[in-house]
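Visitor: Chain by chain, the residues run as shown.
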Amino acid sequence: MTTVFKRPAALTDRQFSYCPGCSHGIVHRLIAEAIDELGIEGKAVGIAPVGCSVFAYEFFSCDMVQAAHGRAPAVATGIKRAVPGSIVFSYQGDGDLASIGMAETIHVASRGEKITVIFINNAIYGMTGGQMAPTTLPGQVTQTSPLGRDVEIAGYPIRICELLSTLDGVALAERVSVDTPRNIRTAKKAVKKAFEYQAEGLGYTIVEVVSTCPTNWGLSPVEALGWLNENLLPYYPPGVYRDVKAEGFANAAEASAARLAASSVADPTAGKDAEGGGCNG
Amino acid sequence: MTPDTPNTAGTPDTAGTPGTPNTAGAAGAAPDTAGEKVLMKGNEAIAEAAIRAGCRCFFGYPITPQTEVAAYMSKRMPKEGGTYLQAESEVAAINMVYGAASAGVRAMTSSSSPGVSLKSEGISYMAGSDLPGVIVNIQRGGPGLGGIQPSQADYWQATKAIGHGDFHMIVLAPSTVQEMADSVFDAFDLADKYRTPVMVLADGMLGQMMEPVVMPGRIAELPDKPWATNGHKGKRERTVANSLYLVPEELERRNVERFDRYNAIRATEQRVEQYLVEDAEIVLVAFGACARIARSAVGKAREKGIKAGLIRPVTLWPFPADAIDAAVRSATAFLTVEMNMGQMVEDVRLVVDGRRTVGFFGRTGGVIPTPAEVLDAIERMDRGMSGDDCSAEPEHMGGAR
Ligand SMILES: Cc1ncc(C[n+]2csc(CCOP(=O)(O)OP(=O)(O)O)c2C)c(N)n1
Ligand code: SF4
Ligand SMILES: [Mg+2]
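Sequence lines, in order, name chains L and C. Under my numbering, the residue at position 116 of the first sequence is numbered 116, and the numbers go up by one with no gaps. Under my numbering, the residue at position 342 of the second sequence is numbered 1342, and the numbers go up by one with no gaps.
Just so you know, these hints were derived from the structure itself, not from any lab. Take these hints with a grain of salt, some might be off.
[What the hints assert, rightly or not] Some chain L residues flagged as far from chain C (calculated, every beta-carbon gap over 10 Å):
#1 Lys80
#2 Gly129
#3 Val151
#4 Glu230
[As the list claims (entries may be wrong)] A few chain C residues facing chain L, derived, Cβ under 7 Å:
#5 Asn1095
#6 Gly1099
#7 Val1105
#8 His1168
#9 Ala1220
#10 Gly1231
#11 His1232
#12 Lys1233
#13 Glu1237
#14 Arg1238
#15 Asn1242
We treat Cβ as the ideally placed atom computed from N, Cα and C, and that holds for glycine.
Only chain C is shown next, with the shape it has when bound in the complex:
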């Protein structure tokens, strides 16, 4: 790389679209896995896919259970001519992403729950300055130092309160190692398309588990970023990355503009996976690793003659309200299954709007619900128990209280 040249995608050697196996072979990629299935840890799949998506700056800070992302990046990035840097804190890491993103380069940071809290301010600044970037949260139990076992306790934080001010962030929730790779690839595209931070919200289980994965091919072309603050070279107007607007009407106008963009995202980017939902009477709603458990419980319920189905939100923001709303027609009840005290259930209730019962079953603190426990919750619901009582019933917390 010559000085003066923005450190962008290196040499995009082969064409490839997200999710499409790269058959031409990705020269320079250390594990040349293009098109073939390889066994990988979720955290490593995230890192490799990010590189293939053109990520050229990674800033991290060690925290369990996400450390493999950073470890992998530290090996691979130098070979790609990119930057791996262990920041002095998560606060610094997200602000490095802010800087690299403002300079027009695809940049990413990863952490786990306590570290993500520290990124809050930086994510808000990114949103306020319309800067794209990818944040990975491999969740663990909280609050506080919490634990190091898998959790989904940062749902509220990710979807409602990732930072101060009027803004949203796109949140993707993979549920397999393959999707860990695909979602990080998508995350970079969505971030650039809408000029917004995007979070990949996974958990310790997905991060640590090994599964076969087909790596996406290398991105062929990166989008133009005429707004980048990378030196005007006397060839264009100066650019500024900024979130300060002291005149209230101007700040209001900026926020309204941004919300127009959010409305477009809501209208076009809601993603779900549906399983046996068409004729389902009890519709489970679960995301991430937890959705795999819910899915197996749905199978077991069907064997017992209970018409259960599953909606798995793939985008947590925008929340797939349309799919939930459509299911209200056939469903008699909804049951959300989460690895927390009941967070997404509020969004489901908001969409269902009192038309159906919405119950909740969850385990928290790093405890992973079993398919048997979830089946039990489905059966209780099937027996006509008020779903609203579910969360209040001690046994519905799997005896966790």
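Chain L on its own, in the form it takes in the complex:
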């Protein structure tokens, strides 16, 4: 008998705790397959967020660290700086990454920290029972936007890949979804590429996965896929927002230099020394 389908070695034998139709399980599997195929489990360290995927530290076979809400990029930075040869990935939801952890998200990308962020954008706070998230769509009903997200009050959703792609430290920013077998294959390629870019030291890498939360959307798994297709994907179009290699650069640093050279604004720090004064505070 030949085995045609088996559990990736990079997953432990713990059973997932996710709801039926939830994207978390699929994305876990893709990450594990990528780790297996690249043979990097031994040097991988994953970071579990605060959110439904907090138990990611139980599910991956590599070393794992659980981080405070939103702080995964800072924790990842500490690990990567301490063990530069490791492959470090954080796994974060939209509340974790784009709300409470936005400062860490922006800065880890701007530093070009050689880590991989897997961003599960399900447009809702799943774990706490379905509150409005920074990526909740205008008009979307949640527990804390019962009449639908009113942008006059709550402001607009944040498009993370678009935002981060403006930063010089980013080597790869790609948005995918896992709603069809074909999109799942694309998603897996993106995850694998992100790990490869990290291993090559090209810069910061992020894969945003437009995801489902049938439970808190109040939909069946099948309906959730439909809602994702009709509403989320138009607002968060899948695609490659930054890929320095595809753009013809060796890495993020080279891409950044090219950007600067193309800029008409002169370097304001030229010819000045770094010693500072200041009157405290």
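Following the hints, put chain C with the ligands in place on chain L, whose structure we already have.
Guide: Same frame as chain L, but now just chain C with the ligands:
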């Protein structure tokens, strides 16, 4: 350094124990001060000693009056092959320490009061995940943005409420530049030994003052950390750093285990310096820079025939209860002297437990008490004034009200 190799102590080139001058010479250390006295700022002494203690990751954020620690680290760390990184906030800095510590590397952050408040959550996570690390607080006046002058107003925060949850953190209180160096060295050892965050609680005065210091030699060997999350390389079981336990009984068991460790720390790590305590009737209790002022007031009181003495807690947690308790036998009264509104005095009262009068004298907001003011408080106490009234008497606040 080759990739795959944890960035640990670099090359421990010479043997040296904490506090022992390194006579063999520490190759690679920029200011090669091993064994000889050099003049240094307290903040710089902290940074240099941390490097010699094997600290290879420093994460900071600018704030007065601790900025020299970061500035020094930014120059030295690259030469050591270590990491200096200016984080985007104190919140990020402590979480970077959490990450580096989980990976098994000696890591540190430093800040001053408002910034330390932001590290609260991260310190709690470190305690909950049993991760070692060193946090330096060069205190300034508070609350809020407060001021930038020296203060001891974070005593309660450091010893009782550094973060949410059931945990303690070891707190060391240096009172000289030499001790700034020695305590940070000790802090790394204690942190690793007990797998706990350790704070060095100093203040703007100690941070900014220059004094001669003999740097500790470089640490020879770092402890093994089989629990580190630095990639299992297929050679060991996976490791996990985590503080989440959803089953109450399991979380309880973890906390009880941790408190067993705290009890061992209480039993073995209390540290004090005593000055003329044996026959003292009025025992002053003061820590850090304030203890230097108290000590000189004790000298002046002795000249006036008042039998005063000083207990200087070196560990604020564990609080040196044993030394205070022993002093109850000879003392008629205790007087704590602090640069705050009266915080440590509560711990002294807890130990004295009503057996003796416990008074308080302090200045706050960044005002430094003078030896004359402290002497005055000793004399008032000597005249038999109820110590408990001390804190309530306006003049006992040095006219600060
Ligand atoms: C500091 C802090 N604030 C709030 C919470 C409560 N909390 C737990 S999970 C969560 C939201 C997670 O949402 P998201 O990141 O979108 O992940 P999801 O569950 O949707 O995958 C919140 C607010 C917390 N644990 N810690
Ligand atoms: S609540 Fe939502 S995000 Fe959480 S496991 Fe269930 S479906 Fe997934
Ligand atoms: Mg979410």
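Visitor: Compare the structure with each hint and give your call.
Guide: Going through the hints against the structure:
no. : hint    : verdict
1   : Lys80   : violated, 8 Å
2   : Gly129  : holds, 16 Å
3   : Val151  : holds, 28 Å
4   : Glu230  : holds, 36 Å
5   : Asn1095 : holds, 4 Å
6   : Gly1099 : holds, 2 Å
7   : Val1105 : holds, 4 Å
8   : His1168 : violated, 19 Å
9   : Ala1220 : violated, 21 Å
10  : Gly1231 : holds, 4 Å
11  : His1232 : holds, 6 Å
12  : Lys1233 : holds, 4 Å
13  : Glu1237 : violated, 10 Å
14  : Arg1238 : holds, 5 Å
15  : Asn1242 : holds, 4 Å
When each numbered hint is compared with the structure, violations occur for hints 1, 8, 9 and 13.
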